[in-house]
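J.: Listed below, chain by chain, are the residues.
There are 2 protein chains.
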Amino acid sequence: MQNTYAIGIDVGGTNTDMGLVRDDAKIVARRSIPTTNYTDIVPYVKDIMAEIESMCAAGDQEKGVGAIAVDELTGIGMGAPNGNFYTGCVEWAPNLPMKGLLEFEAEFRKYTNIPVVLSNDANAAAYGEYVYGGARNMDHFIMITLGTGVGSGIVVDGKLVHGSTGTAGELGHNILIPNGRPCSCGRKGCLEAYTSARGVVKTYVDLRAEKGVPPETEKHPDWIGAQVADADITSKMIGDAANAGDPLAVETYRMVGEWLGLACANACTFSAPSAIFLMGGPTKVGAPLLDPLRKSFEENILNIYKGRCQIYMSHLKANEVAILGAAALIKLKS
Amino acid sequence: MQNTYAIGIDVGGTNTDMGLVRDDAKIVARRSIPTTNYTDIVPYVKDIMAEIESMCAAGDQEKGVGAIAVDELTGIGMGAPNGNFYTGCVEWAPNLPMKGLLEFEAEFRKYTNIPVVLSNDANAAAYGEYVYGGARNMDHFIMITLGTGVGSGIVVDGKLVHGSTGTAGELGHNILIPNGRPCSCGRKGCLEAYTSARGVVKTYVDLRAEKGVPPETEKHPDWIGAQVADADITSKMIGDAANAGDPLAVETYRMVGEWLGLACANACTFSAPSAIFLMGGPTKVGAPLLDPLRKSFEENILNIYKGRCQIYMSHLKANEVAILGAAALIKLKS
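Chains as they are written, first to last, in the numbering used here: chain V, 17 to 350; chain D, 17 to 350.
Please keep in mind that the hints were generated in silico from the structure rather than gathered at the bench.
Bear in mind the structure is a predicted one, so any value in this text is a computation, not a measurement.
Don't take each hint at face value.
A pair holds if it fits inside one copy or across any two, identical chains being indistinguishable in the list.
Derived BS3-like pairs: lysine-lysine, alpha-carbon spacing no greater than 27 Å straight-line [stated by the list, open to error]: (1) 322 with 175; (2) 175 with 347; (3) 42 with 333; (4) 42 with 218.
Work the whole structure out from these sequences, hints included.
T.: What follows is the structure, encoded as C-alpha cells:
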C-alpha cells in the first residue's frame, strides 16, 4: 500500500520545528524557523508554507517517492501553546511573540484546503503517543509533559479530551497544594509550580538555603557546590547531581516525585486511565524521579485503581514527539 | 408516537428503590424492597424481578396503557455503589449487605434478554441529568453528589467516562488537601472527608470544640446550642442553623463551600466542562453553601476557563434522580 504523508508543526516560543511525516512514524524531512522573528501570523504562515513546499518538493528519497503535492498531504497538524482544537486558533499564548487571537486554520486556508488541525503541544504529544508510540490500543491514558511548564493530554475512549472550550487537559494547573507555591498562572499551589523545570530548581534552591550543601560536597566535583549561584542552577544540573549521589539533589527529585505521584493518583479518580505517560526534561533524570514517583503513586492511588494504571516514560524520541504528535492530530479530523 | 418504558433501580445500602420510567421522564410506578434483607443476589434479583413484573402488569394508567411485557421494556438500568459498566457487576461495595463480586447482569439474564446496564449511583445521576434534566445538550459536564460519601459522574463528548476499569469518576476521592483529614477510604485529605455529610458535621464539631458556641446562641432556639452532643449533630441540622444565622453553622458551610469550589475549579483542568451540577443532602442548605462555593470557584479557576463553566443544582427532583438516572443508563447501550 502506498504511504501517506502529513505535516507536523511544533510551535515553540523560540523555534518552530516542522516535519514531513510518513504514516509509519518516520520523519522524512525537517525544517525549523525562529518563532521569535514573527509578531504577525501572515508572514509566519507564509514562511511555514514555503518550508512545507520545499519539503514536499524533495519527496521521500528513502522510498523513491518524488515530489509530493501539498494538496496530497493528509493534513497539517500544529501543536502550539493555547492551541484550540475547536476554533483552529491559538488563543492568547503568553510565551509567543505573536499576541492575541491567532487564526491559524483560516490563515493556512489561503494556501490549501487540506485538513488543518490545532491543539496544544501536550495534547499533540498525547495523541502522538496514541498513534505512533506506547499508547497504541490504549483507550484511556494521560500524557503529562514536564518542561518550562507542565502540560497534559488526556485520552478517553480513544479520543483527546478537548472539553467544552477546546482547552481541556491542563493538569499542570490542578491545584495540588492549596495556598502553596506561587505559579506562573498567577494562582498558588499548581502542580506546575512543583514539578516543572522551574519547580525542580526552586525546590533545590530552597533546600540548599535551608540545609546548606553537605560537607562532603567538596570531595564530589559532580555534586552541586555552594558556589553555584541560584540563578545558574538548572533542572538538568540537579538531575545529573542526583544520579551522582548529591544528597540535596536526590532529596529534590524525591520531593518532585512525591508531588507528581500524588497528582497521577488524583488523575486516576477522573478517567481511570490504564497508563500515565511522562515526558520532558525533568523526567530524563530517571530513577531519582521515577522511583519516588511510583512509590508515591502507589501510596496515594485509590484502592479500586491499584495495579490497574502504569506509569511509563513516553516511547517516542524526545526530538520527534512534538512533530509526530502534531502530525497525529490530523487523525482526529479524518 | 408510542411511549417506551424502562426500569430504573437505585441500590442503596438500606433500601432498593425501583421505578417504571416512561421516556418523557415520568415515573409511572415505584416499588421498594429493603436491601438489608439480602446477603445473596439470587433471591434479591428474584424479588426485584417480581416487583418489575408487578409494575409492568399494572401498565400506565395515565396513558391508558395496559399490561406491559417485561421483554418490551427498553431495558433495566441499575445504579449501585461500585457498579461497573463494563462487567455488569457490583464489585466489593463496602456498604451493601451482599459482599464480593456480584454478577447482576448475569443474574438478570436468567429472567430476560433486554439490556441490563449497571453503573455507580453518581454516574447514574449524571446521566439522568443528561437524558432528563438540566444537562440536556451539554456534551461536557460533571455531576457531584454529596451524601454520606461524595460521588461524581463525568460526561465527556456526551458519554459517561467509565475509564479503563469501568469505575472512573471518583472525584470524592481526589486528594484535596495532602495529609489532610482521614477519609473513609483509608487515605487522607480526600474531597469526601471535607464535603460529605460527615465532613460537614466534622467541620462543625471541630469548630465548636475550638471556639465554643457564641454567647448569643441561648437567644436563638434555632441555632445549635452547646448542649447538643456531637454524635447527635447532622448536616441538615447545621444547614437549618446556618439559614437561621448561627455563626458556627455559617462558618461551617463557608469552609465546605470553599473546599468544594476548589475541587470544582480543579475538575475544570481535566475536562473543561460547561457546567458542574450538584445534588444531595448537604447541598439543600442553599446560599450558605453555594455563595462561598461560587466565590471559591471563581477565585481558584484557571484563567482560560473563567466564565465558561457554571455551577448548578441538579434540575431533577431529589426523590426521582436515582431512579431516572438508572433508567437513563440504558441509553448508553442502545
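J.: Let me make sure I understand: some of the numbered hints might not hold for this structure. Which ones are they, in numerical order?
T.: Violated hint (a single one): 4; every other hint is consistent with the structure.
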